[in-house]
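Student: Each chain, letter by letter, is given below.
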Amino acid sequence: MATRISRGEVAARLAADIPDGAYVNLGIGAPTLVADHVPPDREIILHTENGMLRMGPAPDPAHVDPDIINAGKQATTELPGSSYFHQAESFGMMRGGHLDYCVLGGFEVSATGDLANWSTGEPGSIPAVGGAMDLARGAKQVYVMMDLLTKDGRPKLVQRCDYPLTSKGTVARVYTDYGVFAVTPEGFAVLDTYGDTTIAELEIMLGIALIDGRNP
Amino acid sequence: MATRISRGEVAARLAADIPDGAYVNLGIGAPTLVADHVPPDREIILHTENGMLRMGPAPDPAHVDPDIINAGKQATTELPGSSYFHQAESFGMMRGGHLDYCVLGGFEVSATGDLANWSTGEPGSIPAVGGAMDLARGAKQVYVMMDLLTKDGRPKLVQRCDYPLTSKGTVARVYTDYGVFAVTPEGFAVLDTYGDTTIAELEIMLGIALIDGRNP
Amino acid sequence: MIDKVVASIEEAVADIPDGAHVMIGGFGRAGQPVQLIDALIEQGASGLTVISNNAGNGDVGLARLIQLGRVAKMICSFPRQNDSWHFDAAYREGRLELELVPQGNLVERIRAAGAGIPAFYTPTGVGTLLYEGAETREFDGREYVLVPALHADFALVQGYRADRLGNVQYRKTARNFGPPMATAARTTIVQVDEVVEVGALDPEAIPTPGIFVDRVVPVGWRDWTPGGVYVGGLVDVNGEALEQGIDPLVGETKATEGKPSGTEGTR
Amino acid sequence: MIDKVVASIEEAVADIPDGAHVMIGGFGRAGQPVQLIDALIEQGASGLTVISNNAGNGDVGLARLIQLGRVAKMICSFPRQNDSWHFDAAYREGRLELELVPQGNLVERIRAAGAGIPAFYTPTGVGTLLYEGAETREFDGREYVLVPALHADFALVQGYRADRLGNVQYRKTARNFGPPMATAARTTIVQVDEVVEVGALDPEAIPTPGIFVDRVVPVGWRDWTPGGVYVGGLVDVNGEALEQGIDPLVGETKATEGKPSGTEGTR
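Chains as they are written, first to last, in our numbering: chain A, 1 to 216; chain B, 1001 to 1216; chain C, 2001 to 2267; chain D, 3001 to 3267.
A few of these clues could be false.
[Claimed, not checked] Some chain C residues close to chain D (C-beta under 8 Å, calculated; not the full set):
{"id": "1", "residue": "TYR2121"}
{"id": "2", "residue": "PRO2123"}
{"id": "3", "residue": "TYR2131"}
{"id": "4", "residue": "GLU2135"}
{"id": "5", "residue": "GLY2141"}
{"id": "6", "residue": "TYR2144"}
{"id": "7", "residue": "ALA2200"}
{"id": "8", "residue": "GLU2204"}
{"id": "9", "residue": "ALA2205"}
The set of hints was computed from the structure by calculation and includes no laboratory data. The C-beta atom is built at its ideal place from N, Cα and C for all residues, glycine as well.
Hey, can you work out the whole structure from these sequences and the hints?
Tutor: Structure representation (structure tokens):
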């Protein structure tokens, strides 16, 4: 039986791979957990696409300022060295390749690095995309943080995405509750597994062939 | 003999046509004189394309600040209500049609509103264009302020420009030492003459037919 | 003398006609020109095309405008929120047209309109169904899609402070869509907390110079910045007054418990 | 910990290779990164493509770099100035290639590079010989020309104050090309008068956030702002010390009489 780790542990695993001094955008939802796991000896600059660099932690409820929010429309804080700018400047930072990393949630990631995370394509659902397509195309390294399987057990790492795409061929890595995967020209490479999980077990879970990319 | 007025009088004549509250860019050289002739009851906001709105008058020599210059690279001053911005913002103001007026010098203006003011096309001359093409295409009203004739007596209002163009069909009016002209679909219309100058006299000077556009 | 300050908010929006294209600033609650939207609701214009990042929350503001059937078309990036039931209903019943634009393309198209760029190539959205059939082109081996500038007749913007010349400053992340929208509309109307004397604003810190602004209307201080000074513990993230107050030492409140948070599911 | 401050100006420019594309900020004298250019002269790189609004003045800075034969190509809007004799000579003798770009297109192409826009349509220059044979297109009945983004390997920028995170403020019209150029180069190097503590810069007034900056090098105060406070009567418009001083009551000097003014004929 493959070993599964918690969402917080996935966040910590991902945070460990982000170097000192990196400029990072954390998508809303699970990716925001990464901020809580940055090693204390590293200085990471968080970008929020609604117009701020060097975003701080959430405020305590007595110090909520409705004019300082993050992309998830939650209260956040400024730090010494923060800066504010308008939306066109903020998305210029993303599109222009100035962000070192973005971490996004995902519905599906394909073996060619396609990402689907904005629409399930269900009839009657309200379409909404926000900044997901900009981030998925703009950051130097696009990392996805998600469960490996859906709640009903279907693989989210796939040969080809069924859901409408957010971006084509831009995902570099996928951090999941069962392992860390890199997108390579030959398909998914396993960078890390947990416990005594084998690549063969993951291949059975996913139904696709995997490359062993772990350090020997 | 047609009546000729001084450059300062031309500037005053032009300034009288700029309404209260207008945003105006004055090209370098003679057009800068317009600033000295704005009627005292009007508030005109001057734009300088190197990055400032509400430019003030020249400083006295004891208060030159090399960090406050105009497009002619001369010392200028800020006023209460001035703002600074970078070049992309400044030229966005021009290109985006936010300037009400620009006043440019000219080598030639054609009956279809073409302007030539950046190059005489002489072999061996150093080409240079600066912001002239942006201004000539971007401002809502492009006014040209120039002598009607060259030093050797050739007309600068022409059927068709000989010099390389700065912009095609964008000039609205030409203020000269012998009269004020509007570009109309039918050609140049005379808006104003000085002294007892007749339109027939101007037609002889220019060698082209003119429309009488003066108020009766 | 230039004086862009208008006496009342009614006067500020009086000439917005039926069928107008109206940009409305704000990202979520931050930067939403709440009083201007309310005045537009009162004013009565309909058949509007609204350009805004979101499509309103709860029963107020833009959501109310949609509920009243006054919006014919929304151009936005993220209409789906927990409390956007009026948009949802109108959209599902086909009473409202939607043009969904990725947020970065949305704001860059607005910026392009203000800067006199009629169209540009962008990498965002290439190969997705939002740009199916769109004109694409390769530059240096990557594919880009051509998108047009996005203009409006009116822009409604929330600023913080302004002078009579129309120079506007914003506060924190409430700046968001204000500066680009102010450049892209034929008539830009800015509500501010306070009108200050000319010269009171630092000329090095004016995101929206007066050249872009037609009307300024003061609406008084925000609840959380009475007198221009931030005071914590008075409101929640949506700017709504806390019902029970907060013990600043403990930093906890139950005031918003059970309410839709408005803070999730926005992407 | 992030610390973008480098110890010496030599170190700041040490890795600029032969053949590099280098943006140099400034409009005339204002905003010219004088010390960085001098360091580049000392450093020795040649075959450079320089992107800058002007092509240098007198015998120093960019003019000196051209005189030394280190510039293979200039991309600029206005190389012709009263005292640009080194450019003039190199250009006339065919020792230097020139790409002349209208100023607004130049800076918008730089801004596009920084913002991930590979190409855009512009009205400026349509129908002129600068865009003969270029790709044009009509939008709403007007003609526009397609122009590409303009990237660089290095940008040399003059700021006023910065912190170790690379947040940069400018002074007055010296801001000019700094912010767009800082976004468009792979490596952005900013000289500043003073490095300040993190938190000392107003977060509402940072034209260049640190994300765009790789290196910061302090070079000391300008002659006319010793200690960060402007003092009049010390320099002329080119920042050169007045030889005889000025009587502030009379406001006159003869110090610059007979010198080429450098202030005319720039368009």
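Student: Against this structure, judge whether each hint is valid.
Tutor: Verification of the hints:
no. : hint    : in the structure
1   : TYR2121 : holds (5 Å)
2   : PRO2123 : holds (6 Å)
3   : TYR2131 : violated (15 Å)
4   : GLU2135 : violated (11 Å)
5   : GLY2141 : violated (11 Å)
6   : TYR2144 : holds (6 Å)
7   : ALA2200 : violated (14 Å)
8   : GLU2204 : holds (6 Å)
9   : ALA2205 : holds (4 Å)
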